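> Protein sequence lines, in the order shown, are assigned to chains A and B.
In terms of this note's numbering, the first sequence has 323 at position 323, counting the first letter as 1, and numbering is strictly consecutive.
For this note's numbering, add 328 to where a residue sits in the second sequence, where the first one is 1.
Mixed in with the good hints, there may be bad ones.
[To be verified] Restricting the straight-line Cα-Cα distance to at most 25 Å, the calculated cross-link-like pairs of lysine-lysine (PhoX-like) are: (1) B:Lys505 with A:Lys319; (2) A:Lys30 with B:Lys623; (3) A:Lys33 with B:Lys524; (4) B:Lys516 with A:Lys131; (5) A:Lys131 with B:Lys535; (6) B:Lys516 with A:Lys30; (7) B:Lys505 with A:Lys30; (8) B:Lys623 with A:Lys33; (9) A:Lys130 with B:Lys623; (10) B:Lys524 with A:Lys30; (11) B:Lys584 with A:Lys33; (12) B:Lys478 with A:Lys76; (13) B:Lys408 with B:Lys505; (14) B:Lys444 with A:Lys319; (15) A:Lys70 with B:Lys444.
Just so you know, the hints here were simulated from the structure itself, not pulled from any lab data.
For clarity, every value in this text was computed on a predicted model and none was experimentally measured.
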Amino acid sequence: MADKTTNGVTTADIAVAVKPAKKRMGFFAKLIKYRTLTLMCLPAMLFFLFFSYIPMPGVWVAFVSYNYRKGIFGSKFVGLDNFMFLAQSGKLWSLTRNTILYNVAFILLGNLLAIFIAILLNEMRSKWFKKISQTMMFLPYFISQVLVGILVFNLLNYDTGFVNTILTRLGLERWQPYADPYVWPVLIVLIHLWQQTGYNSVVYFAAIMGIDGEIIEAARVDGANAFQKIRYIILPSLKPTIVILLLFALGGIVKGNFGLFYNIIGNNSMLYGTTDIIETFVYRAVRGTDFNFSTASAVGLYQSLVGFALVMLVNYIVKKIEPDYSLF
Amino acid sequence: MAKTKDLDMMSSSAKVKLGASDMIVRGFGYFITTFYALACIFPFLIILGSSFSSEKSFNANGVQLIPKEFSTQAYEMVIKGGLIWKSYILTILLTLIGTGIGLSIIAMTGYALQRKDFPFRNPISFYIYFTSLFSAGLAPYYLLMTQTYKLKDSYLAVLLPLLMSPWLIILMKNFVKSIPHEITESGKIDGAGDMKIFTALILPMLKPALATIGLFLALGYWNEWYQTSLFLSSRVDVKPLQYMLYETVNMTDALKNTVAGQYVVITDIPSNTVKMATAMLATGPIVLLYPFVQKYFISGITVGAVKG
Numbered sequence: 001m002a003d004k005t006t007n008g009v010t011t012a013d014i015a016v017a018v019k020p021a022k023k024r025m026g027f028f029a030k031l032i033k034y035r036t037l038t039l040m041c042l043p044a045m046l047f048f049l050f051f052s053y054i055p056m057p058g059v060w061v062a063f064v065s066y067n068y069r070k071g072i073f074g075s076k077f078v079g080l081d082n083f084m085f086l087a088q089s090g091k092l093w094s095l096t097r098n099t100i101l102y103n104v105a106f107i108l109l110g111n112l113l114a115i116f117i118a119i120l121l122n123e124m125r126s127k128w129f130k131k132i133s134q135t136m137m138f139l140p141y142f143i144s145q146v147l148v149g150i151l152v153f154n155l156l157n158y159d160t161g162f163v164n165t166i167l168t169r170l171g172l173e174r175w176q177p178y179a180d181p182y183v184w185p186v187l188i189v190l191i192h193l194w195q196q197t198g199y200n201s202v203v204y205f206a207a208i209m210g211i212d213g214e215i216i217e218a219a220r221v222d223g224a225n226a227f228q229k230i231r232y233i234i235l236p237s238l239k240p241t242i243v244i245l246l247l248f249a250l251g252g253i254v255k256g257n258f259g260l261f262y263n264i265i266g267n268n269s270m271l272y273g274t275t276d277i278i279e280t281f282v283y284r285a286v287r288g289t290d291f292n293f294s295t296a297s298a299v300g301l302y303q304s305l306v307g308f309a310l311v312m313l314v315n316y317i318v319k320k321i322e323p324d325y326s327l328f
Numbered sequence: 329m330a331k332t333k334d335l336d337m338m339s340s341s342a343k344v345k346l347g348a349s350d351m352i353v354r355g356f357g358y359f360i361t362t363f364y365a366l367a368c369i370f371p372f373l374i375i376l377g378s379s380f381s382s383e384k385s386f387n388a389n390g391v392q393l394i395p396k397e398f399s400t401q402a403y404e405m406v407i408k409g410g411l412i413w414k415s416y417i418l419t420i421l422l423t424l425i426g427t428g429i430g431l432s433i434i435a436m437t438g439y440a441l442q443r444k445d446f447p448f449r450n451p452i453s454f455y456i457y458f459t460s461l462f463s464a465g466l467a468p469y470y471l472l473m474t475q476t477y478k479l480k481d482s483y484l485a486v487l488l489p490l491l492m493s494p495w496l497i498i499l500m501k502n503f504v505k506s507i508p509h510e511i512t513e514s515g516k517i518d519g520a521g522d523m524k525i526f527t528a529l530i531l532p533m534l535k536p537a538l539a540t541i542g543l544f545l546a547l548g549y550w551n552e553w554y555q556t557s558l559f560l561s562s563r564v565d566v567k568p569l570q571y572m573l574y575e576t577v578n579m580t581d582a583l584k585n586t587v588a589g590q591y592v593v594i595t596d597i598p599s600n601t602v603k604m605a606t607a608m609l610a611t612g613p614i615v616l617l618y619p620f621v622q623k624y625f626i627s628g629i630t631v632g633a634v635k636g
């Protein structure tokens, strides 16, 4: 296992593949010789030890019936009961379904819109216009999720929301989205796109800028029009970027964007059916009204394991098609 | 003049067609981009407009882009309430301290991990990277932070977890890679130690990387509300700015605190416009600052995009 990892990371650092021939040194001899560099890494290592590794044995709480006074390791062992309960109540299925479907929509539409915007920006000739519009599109990325929740509420709420003031002025009936669970999948996807597209389009914009200008010039000389240029030059040269970004996004498909959902939906249980994702469920079980550490931990562990397996799978696929981009 | 034009027309008839399709794409592009860019800032504008409306007009007419009845009452109340200044100071302190410590650690680690002669660099890289592949989840983390580390109601619970992330360390590593290895070699020949090489030779060349990663960290601290919501209970009076905003908007008691002492009865507080004014005050610095720093974020996205 240790060997495999070492090899894996070496592949990632492709530039370093040439190893200088060195005499074999013992671990402690190396430690002494490279003490400064080791010490430079020590604070970061301690950080991940305290905040990532030490919590790991705590996943045991998923296999017990947690009792506050007895602690994680003193509580009664119940085996897979917490998982069984979640599976049988249908909760596990609905949370997984919501989390994955939202992410699929985020990934597909998000990338599509980002590519679209990047191509349009590339066609603009006015530097001034390009700069101003990019700055405006980037704004939603810089604000906190708390403010996103507030913005959405002020657009959509029943009494004073912007949409409803317009509807009233037009003599139409008011709209009550905060009582209608079925509109939220569309709304949340739109809000996510609104917040992330400015950021995501930068990646594609940079990839387009990286295309050899001579190819585009040659196509022009051959009489290619703007649509042909986009269809036959820009899109094909974005393909590797698109494939890699989509694959990596796939690796994170069971991880939800907690801040977005929590700040928009909050504790409006009327909307949970279509908007509850794994993160919001776990959060409520830890901090909110449905207080239950063991259930929370069971869902969390399930999510971590599925996520881990997916990243491994994705990395395996990426390594096959484009070894340079594999993670390890 | 006319002759050159004719010549141009003759030289390639394709050029006319090309011009037409370019015009269509460009015109369409300008239209869509303008529309989309306006949609990105529109929600801010209506909050900004409403925050300057009188409460009465707001309640009667709803959210408005241009206030029908101009009033600065909400701002005056939030500013006089004083809580927001305490939140400001706390948030600025957390941002400065956290970014300073985090950036130092990330820079050191990033440098050490890309040194080709450092024998532990692969195991340590993996040790750090693994934490982004597998995590214990929220419940064990929460129990550990509150029961073992006893960080409930401590600002450390907000400061510490945001110091670094595997992604930022990898990003730093990628930045350092672009500095030629010969710099380190030349330092070694001059007899400088690793720390000396790092501080005297490498750091000055890392300025763009430090700016980029420092800004990612600073943005994380400025927009932080999540750790606060987990670990700081109502016993802590002064909360980081974004969570103070969250409480002001979502909890009536907190709204009272925001305009502390000015009204006794909750119904006398112009609550809707106070919420808007608080939102604008909590977001203002970011909105004013980000146009000047967005180029650093762009370089961060492009360097770290694929190999995240």
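> Evaluate each hint against the coordinates.
The hints, checked one at a time:
1. B:Lys505 with A:Lys319: holds (22 Å)
2. A:Lys30 with B:Lys623: Violated, at about 41 Å.
3. A:Lys33 with B:Lys524: holds (16 Å)
4. B:Lys516 with A:Lys131: violated (44 Å)
5. A:Lys131 with B:Lys535: holds (24 Å)
6. B:Lys516 with A:Lys30: holds (17 Å)
7. B:Lys505 with A:Lys30: holds (23 Å)
8. B:Lys623 with A:Lys33: Violated, at about 40 Å.
9. A:Lys130 with B:Lys623: Distance of about 13 Å is within 25 Å: holds.
10. B:Lys524 with A:Lys30: holds (20 Å)
11. B:Lys584 with A:Lys33: violated (61 Å)
12. B:Lys478 with A:Lys76: Between Lys478 (chain B) and Lys76 (chain A) the Cα gap is close to 24 Å, so the pair holds against 25 Å.
13. B:Lys408 with B:Lys505: Violated, because 51 Å separates the two Cα atoms, which is more than 25 Å.
14. B:Lys444 with A:Lys319: Roughly 23 Å separates the two Cα atoms, so the pair holds.
15. A:Lys70 with B:Lys444: This hinted pair is violated, its Cα atoms lying about 49 Å apart.
Hint violations for this structure: numbers 2, 4, 8, 11, 13, 15, all remaining hints satisfied.
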